[in-house]
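Novice: Each chain is listed here by its residues.
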Amino acid sequence: MSPKTLYDKIWDAHVAHEAEDGTCLLYIDRHLVHEVTSPQAFEGLRMAGRAVRAPEKTIAVPDHNVPTTTDRANPATMTEESRIQVEALDKNAKEFGIHYYPVSDVRQGIVHIVGPEQGWTLPGMTVVCGDSHTATHGAFGALAHGIGTSEVEHVLATQTLIQKKSKNMKVEITGKLKPGVTAKDITLAVIGETGTAGGTGYVIEYCGEAIRDLSMEGRMTVCNMAIEGGARAGLIAPDEKTFAYCKGRPHAPKGAEWEAAEAYWQTLFTDEGAEFDKTVTLKGEDIQPVVTWGTSPEDVLPITGVVPAPESFEGGKVEAARRSIEYMGLEAGQKLTDIEIDTVFIGSCTNGRIEDLRAAAEILKGKKIKDGMRAMVVPGSGLVRAQAEEEGLADVFKDAGFEWRMAGCSMCLAMNPDQLSEGERCAATSNRNFEGRQGFKGRTHLVSPGMAAAAALTGKLTDVRELM
Amino acid sequence: MEKFEKLTGIAAPMPLVNIDTDMIIPKVFLKSIQRTGFGKNLFDEMRFNRDGTEIEDFVLNKPQYRSAEILIAGDNFGCGSSREHAPWAIADFGIKCIVSTSFADIFFNNSFKNGILPIVMPQDVVDVLMQDAEKGENARMTVDLEAQTITTSDGESFEFDVDPFKKHCLLNGLDDIGLTMEKVESIDAFEQSASSARPWV
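Protein chains in written order, with our numbering: chain A, 1 to 468; chain B, 1 to 201.
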């Protein structure tokens with residue numbers, strides 16, 4: 001048998017049908033659903049008189065629209081349109097008999113945080129969701145990617161997806177990370193290297209010592225942004241850390257079934273000699289704390305850098321960089337550490353897990369944020385929030401001057417009331433710095449949680465290493 | 001789904017690279033529970049001022065491109081979120097074909113589900129098409145899916161690749177779910193063998 005990559009193995013284990021031209025029906029083990037990209041899919045089922053084929057493998061949670069203020073049980077905290085979407089999910093979950101975590105449930109949170117937390121996401125699975133950051137679940141060695149609403153409907157009806165196999169790409173991060181450098185810096189540095197279209201047509205497997213050394217939370221951060229590099233999915237082979245994370249979770253297997261599962265998961269790695277179509281290698285020790293200066297996640301530089309000149313790029317990127325710099329209100333040559341910040345956002349499916357909150361709290365401990373700074377922490381789930389309260393992190397944030405919010409996507413995409421106003425500049429731990437992403441004409445600099453905390457203290461983009 | 005066979009229409013040039021789904025349809029318009037009506041908000045923040053007036057120099061506001069049916073776009077078109085509202089808005093506006101050097105994966109798939117043909121061409125061909133599109137409304141291009149060709153207003157013709165299954169669905173306006181349902185026995189069989197091999201799933 002020829003050697004296989006991890007992606008090859010998971011793919012092969014899920015092909016339910018293959019046509020002569022290579023078009024496959026890929027069986028889906030877990031389908032995660034949220035309120036924004038699903039209403040039209042459920043409506044489609046209803047109109048065609050179709051049922052959900054595997055409701056027991058379908059999990060829904062509202063996250064994009066939900067307010068994150070503590071008074072959110074009051075319906076008046078939501079716009080009517082948002083309320084209609086959340087109510088539609090309530091109704092669809094009930095009518096089609098799928099697992100559901102309503103806003104009132106302490107387990108509610110961002111779908112990509114809830115899935116792993118509840119043990120729905122396990123190694124070797126196929127996981128899809130009508131959300132591009134489904135790539136997050138790849139941290140478990142699960143093949144996970146975002147789909148459109150038509151595909152959501154297709155999976156609901158058939159539990160399969162029409163797919164052709166992607167190519168294999170290996171991203172290796174060798175050696176150790178330096179202090180102050182995190183999973184977020186790895187994933188941004190990789191995108192800086194490959195560009196936002198560099199992964200198009202590929203599934204990435206992240207490997208190397210620096211990846212192995214990451215916690216499950218860190219690995220989720222890395223895989224989460226595989227999509228920002230254009231890849232369909234990101235994968236990390238499961239290991240003891242993965243098994244330890246999964247064990248005992250509500251929907252993880254138990255007893256003899258756990259033993260069988262773990263034995264199978266042990267086979268999920270890329271075989272010696274398996275071929276990748278493309279390989280990218282970065283040295284862990286070369287990666288520095290990074291920040292984005294523009295309006296594409298590929299616009300990334302070490303915090304010690306300066307805003308680049310548009311002319312330093314080639315082709316269509318020259319005009320894009322000129323447009324970005326103008327939009328961001330910056331000047332070529334400006335030091336990144338001279339950029340003043342109005343708002344700090346810590347949260348999202350990229351960096352809304354307990355480890356992220358610990359990293360930010362470590363920088364903030366006993367300190368106050370800069371006068372006039374608006375700073376908020378939005379835990380990724382109600383359980384992350386509860387744990388952070390138990391560990392005393394919530395008090396650190398509140399004492400420093402941060403708002404301590406309820407769980408949701410919040411200001412990552414600003415579909416709820418948490419938005420930037422025109423011209424406002426934010427250091428955000430989220431994943432996209434697109435024009436208008438966090439609010440009309442809002443300006444976003446993507447950073448790690450520690451860097452976000454540092455910016456909140458100084459009022460400028462700051463090298464976190466100076467505060468450690 | 002609407003069929004796509006052959007199209008002759010105005011092509012609008014959008015050379016900007018990395019046009020993302022937030023540009024195509026900003027999130028404030030994602031709150032609908034319908035599939036229709038997004039065209040009026042296509043490229044909203046690039047197309048309109050805050051007071052609702054049009055931004056004159058945006059390509060689709062120029063008189064010669066207001067009824068464009070083809071977009072010639074910069075690299076990595078449709079990057080960002082999985083929102084199908086992006087192709088819904090594009091289709092609702094009346095655009096049926098997009099040509100670029102590359103497309104984001106999810107957007108590319110979503111387009112086919114909505115009767116839109118995304119065509120990947122090498123840079124030198126996109127450059128020729130971009131120049132042709134810049135001529136304005138008298139420059140009509142022809143996209144022939146059956147023949148897999150795109151022809152400029154000057155009659156210069158380029159062949160393109162398209163996945164045979166996706167081509168078949170687009171030419172015939174076929175519904176994916178209906179096609180998959182025909183293979184339900186394969187899915188049943190897979191489910192049975194998988195549940196004994198991996199009972200914990």
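Read the hints as simulated data drawn from the structure, not as lab findings. Nothing here was measured: the structure is a model prediction, and the numbers come from that model. You may find that some hints are simply not true.
Here chain B is said to cover these stretches of chain A; the calculated rule only asks that three of the stretch's residues, wherever they fall, bring their Cβ under 8 Å from a Cβ of chain B [stated by the list, open to error]:
id: 1; region: 91 to 98
id: 2; region: 157 to 165
id: 3; region: 209 to 222
id: 4; region: 317 to 328
id: 5; region: 371 to 384
id: 6; region: 397 to 403
id: 7; region: 444 to 456
Residues of chain B placed beyond 10 Å of chain A at every Cβ, according to the derived structure [said to hold, decoys possible]:
id: 8; residue: P26
id: 9; residue: V28
id: 10; residue: E54
id: 11; residue: S81
id: 12; residue: F93
id: 13; residue: F158
id: 14; residue: K183
id: 15; residue: I187
Covered stretches of chain A (in silico footprint by chain B; criterion: 3 or more residues with CB under 8 Å from a CB of chain B, positions within the stretch not fixed) [stated by the list, open to error]:
id: 16; region: 270 to 277
id: 17; region: 435 to 441
For every residue, glycine included, the Cβ atom is placed at its ideal position computed from N, Cα and C.
Novice: Take the hints in turn and mark each one as holding or not.
Specialist: Evaluation of the provided hints:
no.	hint	result
1	91 to 98	violated (count 0)
2	157 to 165	holds (count 6)
3	209 to 222	violated (count 0)
4	317 to 328	holds (count 4)
5	371 to 384	violated (count 0)
6	397 to 403	violated (count 0)
7	444 to 456	violated (count 0)
8	P26	violated, 6 Å
9	V28	violated, 8 Å
10	E54	holds, 17 Å
11	S81	violated, 5 Å
12	F93	holds, 18 Å
13	F158	holds, 20 Å
14	K183	violated, 5 Å
15	I187	violated, 5 Å
16	270 to 277	violated (count 0)
17	435 to 441	holds (count 4)
The structure shown violates the earlier hints numbered 1, 3, 5, 6, 7, 8, 9, 11, 14, 15, 16.
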